[in-house]
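A.B. asks: When we follow my numbering, the leftmost residue of the sequence shown carries the number 2, and every step to the right adds one.
These are computed hints drawn from the structure, not numbers from a lab.
Idealized CB from N, CA, C, for every residue including glycine.
Check each hint, because a few of them may be wrong.
As the list claims (entries may be wrong) - Taking lysine to aspartate or glutamate and the EDC-like style, the derived pairs with C-alpha atoms no more than 16 Å apart in a straight line are:
hint : residue 1 : residue 2
1    : Lys82     : Glu5
2    : Lys53     : Asp103
3    : Lys12     : Asp74
4    : Lys36     : Asp100
5    : Lys12     : Asp138
6    : Lys12     : Asp142
7    : Lys53     : Asp136
8    : Lys36     : Glu87
9    : Lys36     : Asp142
10   : Lys12     : Asp100
11   : Lys10     : Glu21
12   : Lys12     : Glu141
13   : Lys82     : Asp103
14   : Lys53     : Asp74
15   : Lys53     : Glu132
16   : Lys10     : Asp103
17   : Lys82     : Asp70
18   : Lys10     : Asp100
19   : Lys36     : Asp136
20   : Lys82     : Glu16
21   : Lys53     : Asp70
22   : Lys36     : Asp103
23   : Lys36     : Asp70
Unchecked claim - Ranges between beta-carbon positions, derived for each pair:
hint : residue 1 : residue 2 : range
24   : Asp56     : Ser20     : 36 to 44 Å
25   : Pro7      : Val145    : 28 to 36 Å
26   : Glu39     : Lys82     : 31 to 39 Å
27   : Val145    : Glu58     : 26 to 34 Å
28   : Lys12     : Trp106    : 32 to 40 Å
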Amino acid sequence: MTDEVPFWKSKTLTEMSPSEWESLCDGCGLCCLNKLEEWDSGDVYFTSIRCKLMDGESCQCTSYPNRWDFVPDCVQLTPEKVPELEWLPPTCAYRLVNDGRDLYWWHPLVSGDPETVHIAGVSARGRTVSETDVDLDDFEDFVVDWPLTVEDDMLPNPPAKP
Numbered sequence: 002m003t004d005e006v007p008f009w010k011s012k013t014l015t016e017m018s019p020s021e022w023e024s025l026c027d028g029c030g031l032c033c034l035n036k037l038e039e040w041d042s043g044d045v046y047f048t049s050i051r052c053k054l055m056d057g058e059s060c061q062c063t064s065y066p067n068r069w070d071f072v073p074d075c076v077q078l079t080p081e082k083v084p085e086l087e088w089l090p091p092t093c094a095y096r097l098v099n100d101g102r103d104l105y106w107w108h109p110l111v112s113g114d115p116e117t118v119h120i121a122g123v124s125a126r127g128r129t130v131s132e133t134d135v136d137l138d139d140f141e142d143f144v145v146d147w148p149l150t151v152e153d154d155m156l157p158n159p160p161a162k163p
């Protein structure tokens, strides 16, 4: 019996293979929410308005390999960008690994189930509207703080094993 250390605990972001990197995404959909930035302060605010390519229930991109054909300004996460992206949610695995922290119990790599991110209530599932349904002038009416307010003490305990 080997107690192999999971790759996210033994590698830096830059040391990960492409498949390991992709598997760090927990599928929460929070990075695909539209954000507003104040010009003078640089403060960034999340909205509950999702990218037109994001499915509101699965929280997955409906055209991930071709997303830049439809959304040219889609931000591609890279190991170099992670430390610079202040708006990454506190639960984001890329942020956690970059900061030397472990993944939460509900992360699919820990739980083995992609639904646990939704069960734990830390995803965008069922909380958003598509950007195609909101006039750009009304985006300010959809500012929310829930993507950035999820803290350790707010997370539920993992479900009891049967």
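A.B. asks: Hints the structure violates: just list their numbers, smallest first.
C.D. replies: 1, 2, 3, 4, 5, 6, 12, 13, 17, 22, 23, 24, 26, 27 and 28
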